[in-house]
Amino acid sequence: MDDNKSTAPQEAKKLEPAPVPPLFGAGRGRGTAPKVRAKNTAATLKRIWSYLSIQKKGLISVFFLIALGACLTLTGPYLIGTAVDDYILKKDAGGLASLCVLLLAVYVTGSAVSWLQTYVMSGVAQRTVWEMRRDLFAHLQELPLRFFDRTTHGELMSKATNDIDNVSNTLNQSLMQLINSTFMLIGSFTLMLLLNVWLTLVALVTIPLVMLLAKQIAKRTKIYFRDQQQHLGELNGYIEETISGQKVVKIYNREQKSAEHFQAINDKLAKAGTKAQILSGTMGPIMNMMNHFSFIVLAVAGGWLAYRGFTTVGVIVSFLNYSRQFSGPVNELANQYNMIQSGIAGAERVFETIDTETEYTGSEGKQLTGMAAGKVVFEDVTFGYGDSPILSNISFTANPGDVIALVGPTGAGKTTIINLLTRFYEIEDGTITIDGQEIRSLDKNSLRSQLGIVLQDAYLFSDTIRENIRYGRLDATDEQIRAAAKLANADGFISKLPGGYDTVMSSEGGNLSHGQRQLVTIARAILASPAILILDEATSSVDTRTEMHIQEAMKTLMQGRTSFVIAHRLSTIRDADQILVVNEGRIMERGTHDQLIDAKGFYYNLVSKQFQSVG
Amino acid sequence: MDLLQPKLMAGIVNEGVMKSNLGYIWNSGLTMILVALIGLIGGVGCTYYSSIASQRFGADLRNGLYQKVQTFSFDNLDKLTAGSLVTRLTGDVVQVQNLVQMILRMMVRDPALAVGSIVMAINISPRLALVLVAVIPILVLIIVLVSRMVIPLFNRMQGRLDGLNTVMRENLSGIRVVKAFVRSAFERERFGKANRDYLDIALKASRTVAISMPLMMLVLNASIVTVLWYGGAQTWESALPIGNLIAFLSYLSQLLFSLLSVGMMLIQISRAKASADRINEVLDTEPGMTQPSGGGAGTVTMGKIEFDRVSFAYGQESGVTSYAMEPVLKEISFTILPGQTIGILGATGSGKSTMVSLIPRLYDPTEGNVYIDGTNVKQIEAGHLRRQVGMVLQQSILFSGTIRDNIRFGCPDASDTEVEAAAKAAEAHDFIIKLPDGYDTELGQRGVNLSGGQKQRISIARALLLRPRILILDDSTSAVDLATESRIQQSLKALMAESTCVIIAQRISSVTEADNIIVLEDGIIAASGTHDELIRTSPVYQDIHRSQQHKEVASHG
Chain A
216 MDDNKSTAPQ EAKKLEPAPV PPLFGAGRGR GTAPKVRAKN TAATLKRIWS YLSIQKKGLI
276 SVFFLIALGA CLTLTGPYLI GTAVDDYILK KDAGGLASLC VLLLAVYVTG SAVSWLQTYV
336 MSGVAQRTVW EMRRDLFAHL QELPLRFFDR TTHGELMSKA TNDIDNVSNT LNQSLMQLIN
396 STFMLIGSFT LMLLLNVWLT LVALVTIPLV MLLAKQIAKR TKIYFRDQQQ HLGELNGYIE
456 ETISGQKVVK IYNREQKSAE HFQAINDKLA KAGTKAQILS GTMGPIMNMM NHFSFIVLAV
516 AGGWLAYRGF TTVGVIVSFL NYSRQFSGPV NELANQYNMI QSGIAGAERV FETIDTETEY
576 TGSEGKQLTG MAAGKVVFED VTFGYGDSPI LSNISFTANP GDVIALVGPT GAGKTTIINL
636 LTRFYEIEDG TITIDGQEIR SLDKNSLRSQ LGIVLQDAYL FSDTIRENIR YGRLDATDEQ
696 IRAAAKLANA DGFISKLPGG YDTVMSSEGG NLSHGQRQLV TIARAILASP AILILDEATS
756 SVDTRTEMHI QEAMKTLMQG RTSFVIAHRL STIRDADQIL VVNEGRIMER GTHDQLIDAK
816 GFYYNLVSKQ FQSVG
Chain B
15 MDLLQPKLMA GIVNEGVMKS NLGYIWNSGL TMILVALIGL IGGVGCTYYS SIASQRFGAD
75 LRNGLYQKVQ TFSFDNLDKL TAGSLVTRLT GDVVQVQNLV QMILRMMVRD PALAVGSIVM
135 AINISPRLAL VLVAVIPILV LIIVLVSRMV IPLFNRMQGR LDGLNTVMRE NLSGIRVVKA
195 FVRSAFERER FGKANRDYLD IALKASRTVA ISMPLMMLVL NASIVTVLWY GGAQTWESAL
255 PIGNLIAFLS YLSQLLFSLL SVGMMLIQIS RAKASADRIN EVLDTEPGMT QPSGGGAGTV
315 TMGKIEFDRV SFAYGQESGV TSYAMEPVLK EISFTILPGQ TIGILGATGS GKSTMVSLIP
375 RLYDPTEGNV YIDGTNVKQI EAGHLRRQVG MVLQQSILFS GTIRDNIRFG CPDASDTEVE
435 AAAKAAEAHD FIIKLPDGYD TELGQRGVNL SGGQKQRISI ARALLLRPRI LILDDSTSAV
495 DLATESRIQQ SLKALMAEST CVIIAQRISS VTEADNIIVL EDGIIAASGT HDELIRTSPV
555 YQDIHRSQQH KEVASHG
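In the order they appear, the protein sequences are chains A and B.
Mapping of the first sequence onto the working numbering: residues 216 to 830, in sequence order.
Mapping of the second sequence onto the working numbering: residues 15 to 571, in sequence order.
Misleading hints may appear alongside valid ones.
Simulated DEER-style distance windows between Cβ atoms [what the hints assert, rightly or not]:
| no. | chain 1 | residue 1 | chain 2 | residue 2 | range |
| --- | --- | --- | --- | --- | --- |
| 1 | A | 611 | B | 451 | 26 to 34 Å |
| 2 | A | 471 | B | 390 | 19 to 27 Å |
| 3 | A | 476 | B | 325 | 33 to 41 Å |
| 4 | B | 137 | A | 476 | 40 to 48 Å |
| 5 | A | 268 | B | 63 | 36 to 44 Å |
| 6 | B | 55 | A | 471 | 37 to 45 Å |
| 7 | A | 792 | B | 450 | 32 to 40 Å |
| 8 | B | 501 | A | 611 | 36 to 44 Å |
| 9 | A | 792 | B | 301 | 49 to 57 Å |
| 10 | B | 48 | A | 426 | 21 to 29 Å |
| 11 | A | 268 | B | 430 | 51 to 59 Å |
Residues from chain A that face chain B, not an exhaustive set, calculated with beta carbons under 10 Å [what the hints assert, rightly or not]:
| no. | residue |
| --- | --- |
| 12 | 323 |
| 13 | 383 |
| 14 | 460 |
| 15 | 675 |
| 16 | 785 |
No lab work stands behind these hints, which were simulated from the structure alone.
No residue lacks a Cβ here, since even glycine has one placed at the ideal position from N, Cα and C.
Let's have the full structure, built from the sequences with the hints guiding it.
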């Protein structure tokens, strides 16, 4: 399988002939996303429906409640009409009184029904978006790193909040309106027909016109709403990025410049928003106008009919009331219109991400059971992040229990070798095997469970230190956590913290130094106790004395485990069973420390630097 | 305009239909069309201007907020958290902006309609209008009660949204860790909890809101029934023409609808109120770090740095942490002369990074003072101070954008030649030009597509471009190989000969040539002096030296 083409949404492929690359919101200056795209509204609605249909019970009850409510609402004007014609004109006080009681009963029930509708519907709507949000997040977990390399965090966050919020508002307010309006339309129409066929026909005159107008406006509005949401995402991304990097912003005096850049995105957002609002906002007044127009036509026609004696005043009065109720829903829909459009636009953006191919797509890989022995073989591995190759023809064998050190200048490709072993990225050419099994045939999760990785940037979550260490093995006891921290030489400083192991890490890291964070991540890897250990500059920010102290622990940890170590410090690599000297994507030299020193090659030069400086 | 319609309508019924006056119907009809047209123009115009106004309002609010956030100290940021700030600047502003739009569109129209309807209703029949006296207070009461219930709910709802954002943000930042430890199930659960929390409160809020509408409708409908019953009787006494009763009912239902939307609006206001409170919280936050009044007299000219009994503990200003943090620095005093190069060594967590971050005022000392060229840094305008103090952080933070833009970050007007010169000095030029797009290579967030050492070198180039009086390197070559590091040091020597350099390092080799070396131990200066002095006198330094010597000895042993 190959997940490099993570850009083709599967669902979209089925519906549209050409695969559409998802909109990776344009980060700063990044290739601007295609503006106008005729997204398939029907397909999006279908997807929303598939979420809604999970809540069948709720939906069905809402449906019946709305039907009931619509009947009750329609009964009101009818009763008023009757009151005027049969009782007020005929001066029947008793009749009027009992009718009023009936009317009141209708209204009370109507209110109760309407409350129930909203109650049930908000459950349906909130659960639906809850589910969408869950799916979005779950899907994000499975996307390949390549995806995250080109999307800012804030943009994705915007999808989970701003876009889904739009969907939720739409469902909450507009869906009910939609069902309700349909009922009202059918009901009013039927009653109008019953009252007077001719007047009904007159009332229908404006409908095709309304439909045509609505369609035209709809088409354009959605594009603007999409733009708006996209810019909002971009803005979100920018805020998140600059707040995360606030230290650098401050050091380089970029506050003003950042604010200006922010303003530029903000202006784009405001412009798109204004266009969307204006266009969708005109729907209301236009519909209003249409209503008045049809009302007038009806009044004139009705007046004429009454004048001719074809019908009674009461009939006209209730008819006009119905016509108002007939146009009312249309009007309401028009008012809800911007909401519906922005909801669809939001849903589209969410689905787009959900449709991005995961790194697991197509890999019904084999499970690795038990602890792997740890024989790792790279054979002719070639790889590049973009067009230019980073690694070419990398081959080596690591026997179970070996310590393999990767040495070389920065940017030589050492971390990339690790990234391929973990399948963060997929190789283009060659094979990598663990215990004789090609890693591409393995289940990714089962593969990674065999690997314990300490990454360059010591990332910790804003949770307690205890939970951060426990991340390596979720069922670890507090004692085990403490033991791991002791091995990593972290127990000392952790105990000194005011909250000890329960100290909560602040996300941007005021309370621990970088070196201390690295020690915590080492403890995390120790706890995981993997078959294969990978240390990528794991102690780069740890001072040499502390490093010396954890050296012993590391040795114990590496015992019986195949280990890969990337480091610039000789101390860490000296005892390796095999040192691979990597330069410009190739393995230049290989051998033990002594062999390489004797060879007086690249490695010798590197090392003699160190001797010189220490001596 | 809408107000005229029922009146005209009543006219049609009373004068036209009842009196069989077809001409009157026609005339009234034409008038109505005209009125409707004017209404259309008014409506579209209103939408046009209200859209512009509300969007501009939102944009301005966001700008203001962002600028405010730029003035925040790290304590402020820690307290508000990035996840929450993101929600406040987008989601919350959208809430308020929507409200403004709605108010502009309807606040005039609906209340005017309501008032107009009342006036017209009174005009038609003062006695019938008495019903309003009873109805309106009830409606007000309902609105007040409901909004009092929902404002706190909405407030909590936005708070939970922050939680959702925070989980997501951390997950994205740590996605490599999540993948490496195969913890997506665990993360889903974590997010699931935040998501569930949000669902609960959102449901509670929307269900509470759901009560208000039917309740208000009921009250208004009841009043219609009353009017029908009472008004019907009045027509028999000929106190009220039947057309007027119909018109009155018309106005009453118009009133009903407009009051309903006013009610809706008030609910929206409750929601926006919660958001506005959160926005205000940002706007009202006092920046933890104050600028000197009057622009600040001090200037950085020579680059002399003095620490005078400086102590520092994190989390003092804002009280983010519930427990008092141990001081990281304790009564530190030293002086660095202009043009000197100072090395700082010390164990992990001994306070090295904290100490240097006080120089460009990323934090203010808890006690004591930092002086540059004899002026307290608090008296120097922050912009000027930071232009003169270049700092390369331990963790290289790059931004999405091109490599060129990242190097130019502190100096956006720098020419391409200057950028390249800085990159060359930082030993970054060679690898940059090998990239497919060279200096125009787009980086992902935090420069994900570069290796650690490459990021560090770009960070160094970024600082060098500024040619600062004072250059601080916070362990910023930890991921750079030794050969490259020594080349960088050579070019630094040439380029920054005039500048004061403060170098935090792990390797003694990085600082042997420094004019002075400070050894930090648990927040105090354990020793200071030149390499030769320290190697003779300081046990700690000897210890560090041994730890690095050790490998050489071992490698031969």
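Evaluated hints:
For the pair residue 611 of chain A and residue 451 of chain B, the supplied restraint of 26 to 34 Å holds, since their beta-carbon distance comes to about 31 Å. Separation of residue 471 of chain A from residue 390 of chain B is about 24 Å and conforms to the stated range, judged on CB atoms against 19 to 27 Å. At about 38 Å, the beta-carbon gap between residue 476 of chain A and residue 325 of chain B stays in the expected band of 33 to 41 Å. Between residue 137 of chain B and residue 476 of chain A the Cβ separation comes to about 58 Å, which falls outside the hinted range of 40 to 48 Å.
In this structure the supplied range 36 to 44 Å holds for residue 268 of chain A paired with residue 63 of chain B, their Cβ-Cβ distance being about 42 Å. Our hint of 37 to 45 Å for residue 55 of chain B and residue 471 of chain A holds, since their Cβ atoms are close to 44 Å apart. A C-beta distance of roughly 36 Å is found between residue 792 of chain A and residue 450 of chain B, which places it inside the suggested range of 32 to 40 Å. Against the hinted window of 36 to 44 Å, the Cβ-Cβ separation of residue 501 of chain B and residue 611 of chain A comes to about 29 Å, which falls outside the hint.
Between residue 792 of chain A and residue 301 of chain B the beta carbons are some 55 Å apart, a value that agrees with the proposed interval 49 to 57 Å. The hinted window of 21 to 29 Å between residue 48 of chain B and residue 426 of chain A holds, with their beta carbons roughly 26 Å apart. Between residue 268 of chain A and residue 430 of chain B the beta carbons are some 58 Å apart, a value that agrees with the proposed interval 51 to 59 Å. Satisfaction of the interface hint for residue 323 of chain A is found here, the shortest Cβ-Cβ separation to chain B being roughly 6 Å, below the 10 Å cut-off.
About 8 Å separates the beta-carbon of residue 383 of chain A from the nearest beta-carbon of chain B, less than 10 Å, and the hint is met. Satisfaction of the interface hint for residue 460 of chain A is found here, the shortest Cβ-Cβ separation to chain B being roughly 4 Å, below the 10 Å cut-off. This hint holds: residue 675 of chain A has a C-beta 8 Å from the nearest C-beta of chain B, less than the 10 Å allowed. Proximity of residue 785 of chain A to chain B holds as hinted, the smallest CB-CB distance being about 5 Å (cut-off 10 Å).
In this structure, the earlier hints numbered 4 and 8 are contradicted, and the remaining ones agree with it.
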